[in-house]
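Quick mapping for you: the protein sequence lines, in order, are chains Z, L and F.
Counting from 1, one number per residue, gives the positions in the first sequence under the working numbering.
Counting from 1, one number per residue, gives the positions in the second sequence under the working numbering.
Counting from 1, one number per residue, gives the positions in the third sequence under the working numbering.
The set of hints was computed from the structure by calculation and includes no laboratory data.
Glycine included, each C-beta is placed from N, C-alpha and C at the ideal position.
Certain hints may be false.
If you want the footprint, here are the derived chain F segments under chain L, 3+ residues with CB under 8 Å [claimed, not checked]:
id : segment
1  : 217-227
2  : 238-250
3  : 361-372
BS3-like, lysine-lysine: derived pairs with alpha carbons at most 27 Å apart [stated by the list, open to error]:
id : chain 1 : residue 1 : chain 2 : residue 2
4  : L       : Lys211    : F       : Lys332
5  : F       : Lys250    : L       : Lys66
6  : F       : Lys352    : L       : Lys66
7  : L       : Lys189    : L       : Lys111
8  : L       : Lys41     : F       : Lys157
9  : F       : Lys332    : L       : Lys62
10 : L       : Lys62     : F       : Lys352
11 : F       : Lys203    : L       : Lys111
Simulated restraints on C-beta separations [what the hints assert, rightly or not]:
id : chain 1 : residue 1 : chain 2 : residue 2 : range
12 : L       : Ser64     : Z       : Val109    : 49 to 57 Å
13 : Z       : Val83     : F       : Ala303    : 52 to 60 Å
14 : L       : His191    : F       : Ala170    : 14 to 22 Å
15 : L       : Lys189    : Z       : Pro73     : 28 to 36 Å
16 : L       : Asp83     : Z       : Val109    : 43 to 51 Å
17 : Z       : Ser31     : L       : His178    : 42 to 50 Å
18 : F       : Asp26     : L       : Arg106    : 29 to 37 Å
19 : L       : Gln190    : F       : Arg301    : 47 to 55 Å
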Amino acid sequence: MVDEGQNYTTFSSRGLLDMVGDLNDKALEASRMKDFIGVLGGRFLNWAQRKSLFPLHLGIKCCALEMAAAGAPRFDAESFGVVFRSSPRQCDVLLINGPISKKFADPVVRLWEQMPEPKWCIAMGECAISGGPYFQSYNILEGVDTVIPVDVYIPGCPPRPEALIDGFGKLREKIIRIGAVPSEETEVRGAPIIVADD
Amino acid sequence: MGNEVNAKQILSAAEEIVSDVADFGDAVNAEVRYHTSGRRKNAYVYIEVTASQWRELALWLKKSKKVDYCSMITGIHWPENADATWQVVAHLLRTGVTNPAVVNKRVHETKVDIEGISGNEVPLEFEISMTIPETREPSVPSVADIWVGADWNEKETWDLVGIDFDGHVGMRRVLLPHDSPTGYHPLQKQHKLRYHDFNEMYDDAQGFGRKPEDSGRVK
Amino acid sequence: MAEMWISMGPQHPMTHGLWTLKVKIDGETVVDTEPDLGYIHRGVEKICEARDFTQITPYADRLCYASANTWSHAYIYAAEDLLEVEVPERAEYIRMVAVELQRIASHLMWLGAYCPDVGNLTGMVWCLREREMMMDLLQELGGSRMHYNFPRIGGVKRDLPIGFALRCRAKLKLFLDRIQEYEAILDESTIFLVRTQGVGYAKAEEMINHGVSGPNVRAAGHNYDVRWAHPYSIYDELDWEPSVERPSIKGSDCYDRYRVRVEEMRQSALMVLDGLDKMPGGADTHYQSGDPAILGKAPARAAEGQTGFHHFEDSRGESMFYLAGGGDERGKHPYRVSIRSPMFITIPYASKCMIGYKIADIPAIMGSFDPCIGETDR
């Protein structure tokens, strides 16, 4: 907010910037450069991003211990570029590793929406895929894909850390082929890839 | 060698308690029961009490019998039984834990001389059961001020089973979401599990694993 | 100065599980706390009312996922009390080996999560490396890395694998040397000592009144342990001592609780080595699954009116299962399964312990009580 007592001119540089941006946009669209840059940039970003996926430090239940073991020296997820971050604003991947209760459904959606695009979700373990052994429970949702869109499912109860690292590998393949679909177009997305024996 | 409390010590302590409880009157029944813990037959004290006498019994157990630890207070709903629809079961323990002794301004940790303990120092298990006839609002007196460990147990019992505790300060939902409907207590028997009536022999929806001789069979 | 509530919300790297700790702070000092649990409440007690007795063991495993064997054995002892089953002695020894190895793995997971809480990332990777050793042994015994479904009503599902005794002894001897490495990086580190000593005082009698038990109470100066006080299994035949720490006059602090668990790891390793020597039939014989030497006969039904309960020394305190029989008309399901979780009662007490300290002490105090939210929320 510009104050009267300050020494700025009241000329708004913001408006000038917007005008120049719009003109630029129309010029690029007219010359088809925008599509070219979009495709090239998008593909380049996918290529760069797929091997450096930052999941969120979210530990729900037992699969969280296998996630921690995947970060341990024996399986070493960090050598695959997987570095856990504590804040959802800095993450690419939301790794759901446990059953989602009715109380936690709202925080999960909030975490998902706090993550900036492009973002992906991995459902790890039976509880996140379909409710798991608690499918009959009065308090557990039947799978996290009832509230957020899931890209990769990793079955197992709990899946071994090698399976988790393989799940990240499948996500890498998905990224390089499909990329991340922005949230307005999620209904266009195809069937999710299930990690099983290939 | 690993020492442990002798079965005889436990039995004599249990019998002592049972004979003392007889002084309470008709509302309280006590007996010595045994349970098999793998390969043993250790004794424990089982007391049946009415809800109105529960606080008096609890205070007496704590003050004169040194029962210092409340393990669990839980509730069961028996809808077919009209005289005893609601049952509250309290499990208490006498542990014998005291603050370590301070001698000459130095703290000495306590290593219990297991063969030497007797009387009120023998660790013992208690199971106390009280029933309430059919009512819409079952309630028993709270013992959260006697043993603070009972506080969250009572919250959970109210939250899941629906039995209220008189005199409990700060009763609230602890396991279910805070905005659960009032009066929703899932462990009551009229609430059923999801898919509770699914009694197919095989639980695969498409039926790939079924054999023809099993058609029409239930689990 | 205005006070405000902040929420160490469900997603937090240092809360050791999924729960919210609302903290009221006045500047940097904690004035009040309020724990908020229930984010992974699965309704296990209700689900178990529709399961057979053998089908409940995997649910008991998944209650406290860091310490699965102690929970499934706690359930099995209660089920054996309900169904009145005799257990052969060799099975008790095998169960003891499984439970104590799991206790070591659970304490290693605790230490591996506690070290980064106080700032020591090296401790985390070292403890997780040792935990992999224990997971290998438990995988040989039980068949999977976590959630083994190992005990059966009346015994165990299978005997010690061939060669297990040799590998177990070698790994435990290596582990006993490695414990000295932890002491080297932690006990001689000024930062660790400053962050854990003098913080989070708790006294024994107050803890017992609040329902806290296990290593937390043994850190406060009294060696109460369910394994000798309400005895079960074959602990009287082994050479062991409950580890107890000498606290200060104000009570036990976080450092005492850390020392108790390290000593317990050592005691558990020695118990397993001793048990392998004293096993009836020898640790190298291998009976087939279902042999009466390792599995007794067990009825599958419990009538209405039968009850069973069992107090068990879990890695975090005293846990208990209470089962009431008479579930469905055939008696194959329990009517009520009631689970006592030590952490459900310890977390409110630990939250009270934090009052008066600084925000930076919150992870140190909370971590030293070893919370595991799986068993808390059931």
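Structure-based check of all given hints:
1. Restraint check on the segment 217-227 of chain F versus chain L: 7 residues with Cβ-Cβ distances below 8 Å, three needed, restraint holds.
2. Counting residues of the segment 238-250 of chain F whose beta carbon lies closer than 8 Å to any beta carbon of chain L gives 10, which meets the minimum of three for the stated coverage.
3. Given as covered by chain L, the segment 361-372 of chain F fails the check, having 0 residues with a CB less than 8 Å from a CB of that chain where 3 are the minimum.
4. Distance hint between L:Lys211 and F:Lys332 is fulfilled; the C-alpha atoms sit about 26 Å from each other, no more than 27 Å.
5. Proposed proximity of F:Lys250 and L:Lys66 is supported: the alpha carbons are some 23 Å apart, at most 27 Å.
6. With a C-alpha separation of about 25 Å, the suggested pair F:Lys352 and L:Lys66 falls inside the 27 Å cut-off, and the hint holds.
7. At roughly 47 Å between alpha-carbon atoms, L:Lys189 and L:Lys111 are farther apart than 27 Å, so this suggested pair is violated.
8. This hinted pair checks out: L:Lys41 and F:Lys157 have alpha carbons roughly 24 Å apart, not beyond 27 Å.
9. Between F:Lys332 and L:Lys62 the alpha-carbon distance is near 38 Å, which puts this suggested pair outside the 27 Å criterion.
10. Between L:Lys62 and F:Lys352 the alpha-carbon distance is near 23 Å, which keeps this suggested pair within the 27 Å criterion.
11. Straight-line distance between C-alpha atoms of F:Lys203 and L:Lys111 comes to about 16 Å, which keeps the hinted pair within the 27 Å bound.
12. For L:Ser64 and Z:Val109, the Cβ-Cβ distance of about 55 Å falls inside the hinted range of 49 to 57 Å, so the restraint holds.
13. As the Cβ distance of Z:Val83 to F:Ala303 is approximately 57 Å, the hint placing it in 52 to 60 Å holds.
14. At roughly 53 Å, the beta carbons of L:His191 and F:Ala170 sit outside the given window of 14 to 22 Å.
15. With their beta carbons about 50 Å apart, L:Lys189 and Z:Pro73 fall outside the hinted range of 28 to 36 Å.
16. Between L:Asp83 and Z:Val109 the Cβ separation comes to about 48 Å, which falls inside the hinted range of 43 to 51 Å.
17. Checking the proposed 42 to 50 Å range against Z:Ser31 and L:His178 shows it is violated: the Cβ atoms sit about 58 Å from each other.
18. Taking the beta carbon of each, F:Asp26 and L:Arg106 are about 36 Å apart, inside 29 to 37 Å as hinted.
19. Hint check: L:Gln190 to F:Arg301, Cβ distance near 25 Å, so the stated range 47 to 55 Å is violated.
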